[in-house]
Amino acid sequence: MADDLQLWERARSGDAEAFGDLYERHARSIQSYCLWRTADLQVAEDATATVFLEAWRKRRRLTLSTESAAPLLLGIANNVVRRQWRSQRRHRDALERVRNVGQIPSDLEAEAIARIDAIRQLRDGGEAIRQLPRREREVLALLAWSDLSYGEIAKALGLPIGTVRSRIARARARLGDAFPDLTETRPAEEVL
Amino acid sequence: MSNSKPDLSPLLPDDATLKARRAELVDAVSSGGSGKRPAPGWRRRAPRLALGAATAVAVIAAVLIFRAGGDPTPVAFAVEPQEGGGVTIKVYSLEDAPGVEDALEDAGIPAQVTWLPPGMTCDETRFTPSIAKLPGGGSLGGAVMAGPGTLTISVAQSQRARRESVANINLDPAAFRADQSVVLFGSPKPFGGDPEGGYEAHFQVAEGPVEPCRPVSAPAGSIGSIPVPKGAAGGPSTPAPVQPPDPGQFLYTKTKVVQLQGWEPEGRGAGPMDKPRHFTTNLLGPEADALPALVSTAKEVWMAPDGKTRERETLEQVEFLSTGDQERWEDAGSPPPFAYDPTEHAVKRDRSGQPVKQYASRSWRGSHEFDSVIKLSRLPTEPEALRLAIENRGSGSSSSDPAPAGTERGATTAERLMEILTEPITSPALRAAAVAALAEIPGIGVEQGVTDAAGRHGEAITWVRDRGFGRRLIFDPRTSDLLADAEMIFDAGAAEYPGVPDDTVFRETIYLQSAIVDSDHERPDAGN
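Just so you know, the sequences run in chain order Z and G. Position 52 of the first sequence, counting from 1, maps to 602 under our numbering, and the rest follow consecutively. Position 261 of the second sequence, counting from 1, maps to 754 under our numbering, and the rest follow consecutively.
Just so you know, the hints here were simulated from the structure itself, not pulled from any lab data. Watch out, some of these pointers could steer you wrong.
Said to hold, decoys possible - With the Cβ distance kept under 8 Å, some of the chain Z side facing chain G (calculated, not the full set):
| hint | residue |
| --- | --- |
| 1 | Ala566 |
| 2 | Leu591 |
| 3 | Phe602 |
| 4 | Ala664 |
| 5 | Ile669 |
| 6 | Gly712 |
Using N, Cα and C, we set each Cβ at its ideal position, and we do this for glycine too.
The following block holds chain Z by itself, in its conformation from the complex:
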């Protein structure tokens, strides 16, 4: 199986199937990240599609500086979500009102219920984090919802690694007990 570097190089030269492989490999983590940032399935799905279309459009100008394409894609996702946030807010509010009207479970709706529950958890659980200043929020979102190391987060956001560390420290101080449980992440942290 080709690695991300090979796939990206093939995609850069116009190989759509290679790009499709990258999509299949990373779409879920991009969507997780977008979900966490937006707490809205539709916005997150649209954002995920936009991330890949943007990546394709800009492919000739972008090179992978890590073995995984995730930092590159998450960096794009960060910008896409930031742009969509404002324009989609009104729609999101409208959708939320619509969504909460008169639904009942039936035996075929178990999946739907699970989706609603997950969205609610996202909204409730992520509230404190969404109130952080944007710079800290972006770093924290990548820390919590991607498998990126500190070094990769720095690459994704185009920041020095020291800045990433200091932003995480500030966020941790601000959030206290509400800081997300991150114990299972960052295996590669000390490499960089």
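Position chain G relative to chain Z; hints supplied.
Frame of chain Z, contents of chain G only:
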């Protein structure tokens, strides 16, 4: 406050969806090139002809599925900026009244917006009607807007709006005094066999305080309801119910909907993400070069007196009007119509592999569904008396001849009589009177030996309207039960539908079965 991550897996695409989206993405990014690639494998797995069917009904279902499941579907309304200032508010469905209110307010128009269930209206005495003077001359008072499709409200300077004039109505903020505001209310109306395929919205400038809407039943003759199956499905079946279900019971109805749709082999971008949408009604018409096909869906509805509703829609077949087109579509891997595209909607497959969509709702249609039964039971069952009652004319009226269908009065009368025929629960005597009253209206024809799309024979009431379009109600002459309600393209040239022969069904609802059942999973047939 939680400090652990929620499980996002229900919100992430499953393997099949991921593959489907990958295929769409690969399609999208490579479509700048030849476009001659073989269809992706995930599409080939679909059984031939087993895909298809986006209908207006399906769009309604999509909105509901979204509510229940959080899947991506259209929003109730959208606000778009106009070039040179002002905004356009497009109301796609009568939902989210507070959102529309906010949008109007943001654009400088204080407003009170109320969307009501079918068959309801607002008590009119809650505000003082007024007239706004337009800066360039002219005035704005009230209006009734109706139709299928989108209700479009423009908020802009009246001078510019007059030049562009694409909206149902333009509101010029400069025309309103400080004490004036807009009252807007409306409800879904049947259109083209779809119970809520259309809308009727009332707009009025008010002065002084506006009280909240007090919902009341709409006046007689304005019956909001859904068409529900009657008659037998190709043979003896349960007789159509004559009484509404008791509490705890459900009215079960089974219909088949056939809709003309267009497919563009090369696809084209649509919507904010430029995803290729190969197959929708939007691709037909004078400027489109899509290949026309008839797409069939089966629809079952369970509906209780308290408004609890369950619906299930199955995609049946996609039948192109030309064999060559059919082969071209199958060679492309039989791409599904938009409403059944698994990358866009929550679509499952039933035991035979047909794509299926379902949803349940506690009170979406409101608990007014069977109110009209009482109203209908009070109507006269003698044809002329029925027509006069519907026209709100006393029997002593001097002019009692039916107005021709080409006049406004005649058209209104004909539409209301047709609504009676599409009502779920009526007496055979009332149906017979409605058929006879329709037949007496000049401009409406009666045809014999007509066959519906399920192959059943009957007679038809046919109304050819302007621009080549018209409607054909096929009924059983013995019982006056409605078999099918078809919107037709009688004259494809006048209708500007190139590539479509005359007398093509644009949209047909075939009423297969209706009965009272005891649960929302019970079917009247034995076995299920």
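(request) Output the numbers, in ascending order, of every earlier hint that fails for this structure. (result) Result: hint 6 breaks, nothing else.
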